[in-house]
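Chains as they are written, first to last, in our numbering: chain F, 12 to 182; chain S, 12 to 182.
No lab work stands behind these hints: they were computed from the structure. Predicted model only: the values in this text are computed from it and were never measured. It is possible that some hints are incorrect.
Once the Cα atoms are required to be at most 25 angstroms apart in a straight line, the calculated SDA-like pairs of lysine to any residue come out as [as the list claims (entries may be wrong)]:
1. S/K15 - S/T140
2. F/K118 - S/A25
3. S/K118 - F/D149
4. S/K19 - S/Q135
5. S/K118 - F/G24
6. S/K118 - F/P34
7. S/K19 - S/E125
8. F/K118 - S/G70
9. S/K118 - F/N72
10. S/K118 - F/G76
11. F/K19 - F/E119
12. F/K118 - S/G24
13. F/K15 - F/Q128
14. F/K39 - S/D153
15. F/K118 - S/D28
16. F/K118 - F/L146
17. F/K19 - F/Q88
18. S/K39 - S/R54
There are 2 protein chains.
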Amino acid sequence: MSDKDQHKVWRLGADIDTDQLAPGAYMKLGIDGIAPHCLEVVRPEFAAAVRQGDVIAAGPNFGIGSSREQAAGALVQLGVRAVIAPSFSGLFFRNAFNLGLLLLTCKEAEQLNEGEQVTLDLQQMQVVTANGRQLACDPIPDFLLDMVQAGGLMNTLRRRLQQSPSTRAAS
Amino acid sequence: MSDKDQHKVWRLGADIDTDQLAPGAYMKLGIDGIAPHCLEVVRPEFAAAVRQGDVIAAGPNFGIGSSREQAAGALVQLGVRAVIAPSFSGLFFRNAFNLGLLLLTCKEAEQLNEGEQVTLDLQQMQVVTANGRQLACDPIPDFLLDMVQAGGLMNTLRRRLQQSPSTRAAS
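Using the sequences and the hints, build the whole thing.
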């Protein structure tokens, strides 16, 4: 899985929680209704201005709070390519990969700047800045990278069932 | 899922990594060979002295490092009931629940003491100390608690297939 595209950085702080990502007031509206309010309390312009392929660089504990899956779903809906942070909530980490959202655990994530362009080198597991600086990320097993590329867990399972229909009848 | 049992606390520090949990030197031996060396660099007596149902209370970033699933597997093998910590590596969190190991995200985990007895109240999501102090834990979705109780993801899937064999042939 390679990715030589340039990605614009949105720079956020520490402890971004699930209520900031998927505000409780809009939870009944479904993901189409939630996504336009994603991160509005910390960055009111975010949902309208974020572009397909942009990435978020943030401080520690990204995705803490409730277990609501829509927190990751809203970022997927808005086309966010990846979130880069020193640490994530365990539940958010699980939900994000299940929904096809790439999370990069990177000690130096906070050294990235608002608006700068980066590339993601998933073979070497690093974020590369425009001036060539390489920020190392923690390893991610291939099956999780494959799941992100397939668009999440449900798409992965669907693809596997299509590839080997005979397994459905196996005991 | 209720649990009124008393659990003895093993108190560890911050940044316990996967190589401390499943030392690289023993990875070829399989989980039976790895588990006796679990945590030996930080607590040489741990693997021999830990008892079924004991819990670990630790500092932030428990389970960082590699993606090796045996880090959680060794704790399961040794009968550890739960790990209580302020934060976990995202990958460790995913692996642990898949293997049936309960992780409780608890800001006050480090206030627990070596050797004290606690109960786990999973309805109220709190750790209760012998003198009645209640330490709040982050919520965990029911399906993950069910997965822990079933002994992990593979057991859950096996159970579901057994319960509804007709779904295997559905299109």
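Hints not upheld, ascending by number: none
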